[in-house]
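Trainee: Sequence:
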Amino acid sequence: MKNRSKARISQCMIVKNEEDKIEKALSWGKGIVSEQIVVDTGSTDRTVEIAEAMGAKIYHFEWIDDFSAARNFAISKAKYEWIAFLDADEYFLEEDARKLLYYVQRLQNNRKYDVILTSWVHLENDGRVLAVGTQTRIFRNVPGLRYKNRIHENVAPVGNYPYLPVDAVSELAIYHTGYGKIENNRKTGSQRNLKMIQKELEDNPDNYDMLGYLGDEYYSMDELDKAEEAFRKAVSLMPEGQLSEYDIRSVMTFEKLLAVLRDKANVEESVIMEVYQKATEKLPKEADFDYTVGQYFLLCSDFPKAEKHLKRALQILEENGATSKSMMLSGRVAQAYELLATCCYNNGNLVDCVNYTMQLLKTDKYLMNTLFLMLTAFRVDESSGRKGAADAMTLAAFLGNNLYDFNSLKDRLFVLKAAIRAEYASLVQVVRGLFTPEELASVDRALSAPEQ
0 MKNRSKARIS QCMIVKNEED KIEKALSWGK GIVSEQIVVD TGSTDRTVEI AEAMGAKIYH
60 FEWIDDFSAA RNFAISKAKY EWIAFLDADE YFLEEDARKL LYYVQRLQNN RKYDVILTSW
120 VHLENDGRVL AVGTQTRIFR NVPGLRYKNR IHENVAPVGN YPYLPVDAVS ELAIYHTGYG
180 KIENNRKTGS QRNLKMIQKE LEDNPDNYDM LGYLGDEYYS MDELDKAEEA FRKAVSLMPE
240 GQLSEYDIRS VMTFEKLLAV LRDKANVEES VIMEVYQKAT EKLPKEADFD YTVGQYFLLC
300 SDFPKAEKHL KRALQILEEN GATSKSMMLS GRVAQAYELL ATCCYNNGNL VDCVNYTMQL
360 LKTDKYLMNT LFLMLTAFRV DESSGRKGAA DAMTLAAFLG NNLYDFNSLK DRLFVLKAAI
420 RAEYASLVQV VRGLFTPEEL ASVDRALSAP EQ
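Numbering that gives the first Met the number 0 numbers the first residue of the sequence shown as 0 and each following residue consecutively.
You may find that some hints are simply not true.
Stated by the list, open to error - Pairs of lysine-lysine residues, derived as DSBU-like cross-links and limited to a Cα-Cα distance of at most 30 Å, are as follows:
hint, residue 1, residue 2
1, Lys263, Lys194
2, Lys307, Lys277
3, Lys15, Lys147
4, Lys198, Lys277
5, Lys23, Lys5
Just so you know, these hints were derived from the structure itself, not from any lab.
Work the whole structure out from these sequences, hints included.
Mentor: Shown next, in the form of C-alpha cells:
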C-alpha cells in the first residue's frame, strides 16, 4: 500500500440487481473515499451501467453461495488503507461521512485499533426507526482481517491476528433502508438463506451462532415451532458462564426465542421465565430481554410484573448503553415509555404515569395516545377527591406553560380532541373557553362531521 501517512478509504460493496439503490449507495462516499469498488454477482438490470457512470471500479464475481467469498474478493481489489463495506441499501449521512474520514486519519498511525464500531439504524419503509444495532463495517485493510461464514458473514481476525475496535457508536451511524422491505421478498430470500445456513451446519453442526440464524429464517417464515427448536438447540450449545457483552448473535437468539414464546398462545409464565433467567445470567447487560418479557406480561394483563420488567429494561439501557447491545429497545424507547405509562395507569401509579407521558410529549407533543393517557390519569385523580389533585383549570395552565402554545389553533384543537377522547368534561369546557365563538363554530362542525 502507498502513502500510509495519509489514511484513505476504499468503499467496497457486492451487488446484484440494485439499480434502484446503487446511485444513493455510491453518492455518500463522493469526496470522502478514494475509490469505489463494486463487485457484481450477476445483475441483469442496469446496476453495473449506473455504477460505471458514477466512476466506480467494476469487478465480476461468479456467485458460489458464499457471501464472505464475494466480500473478500472485493477487499482484494482495494488498494487503500481502510475499507468501508456498506451494502447497496445502506448509507452514511453527509455529516457522518465527513466524521468517518476524520476517524480513519486519526487512527491511521495508531496500530492499536483496526476496526471502528458504528451504530446500525434500521428504518421502516416510512423512515421510522425500527431498531438500532452495532456494526463493524469500517476496518483496516490488512491481511489479518477478512470475512467469515457463507452467510451472516462478519469481519473476523485471521488466525491469531490481534485487533481492538474503537467505539464510535454515538458518533457514526449507518442507515439501513432495506429492513422494512424484508416482508416483500422473505420467501425467496429465506429459501436461499436456508440452503446456505444448512450447508454451514453440515460442516459444523454445533455452531450455535448458525443455529441462531437458522431460527431467524424460520421465524421470518412464520414457522415458529421450527424457529423455537433451532433457538433452543443454539442455547443448549452455548458455553457455560457469562458470554461476551458484545455477543450480538447470542442476544438475538435469546430475544427471538422470548419473542416466539411471547406470541404463542397459552404459554405458561414458568416457560418464558426459564428462558429469561438463562438469558440474563449469560448476558446481564442486555435490556431487550426485560423489554420482551415486559410485553409478555402486558399481553397477560399482569400490569405489576410488566411495569417491573419495563422499568428494569430502561434502567439497564441507561446504565450500559447501546453499543453492541439492546438493539430492539434502542430503536423503541418511546414505545417502551408509552407501554410503561400504560402499566403505571393500570396499577394506579398515576404520578409515574404522568411523568412518563410528560417525557414522551416533550419529545413530540402531538402524540395523541400519550396525551390521552395523561389526561385520563389526571381525570381519574381529580375524580378521586384526593387532596391536592389538580383541577381542570390548573391542568390547562400546566399544559399551556409546559407543552402547548394555546395561541396556536392547532395546539388548542389537539388538546381539545384529547380531552374529549379522555371524557374529561371539565377540561373540555376549559379548553373550549380558549376559542373565539367563530372558531368554536368551525370546530364543532368539524368534530360533528362523520369520519371518512
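Trainee: State for each hint whether it applies.
Mentor: Here's how the hints hold up against the structure:
Taking the CA atoms of lysine 263 and lysine 194, the gap is about 27 Å. The hint holds against a cut of 30 Å. For the given pair, lysine 307 sits about 18 Å from lysine 277 by alpha-carbon distance, which is consistent with the 30 Å threshold. Only pairs whose Cα atoms come within 30 Å are accepted, and lysine 15 paired with lysine 147 is accepted, the gap being roughly 20 Å. Proposed proximity of lysine 198 and lysine 277 is supported: the alpha carbons are some 29 Å apart, at most 30 Å.
Simply put, lysine 23 and lysine 5 have alpha-carbon atoms about 27 Å apart, close enough for the 30 Å limit, and the pair holds.
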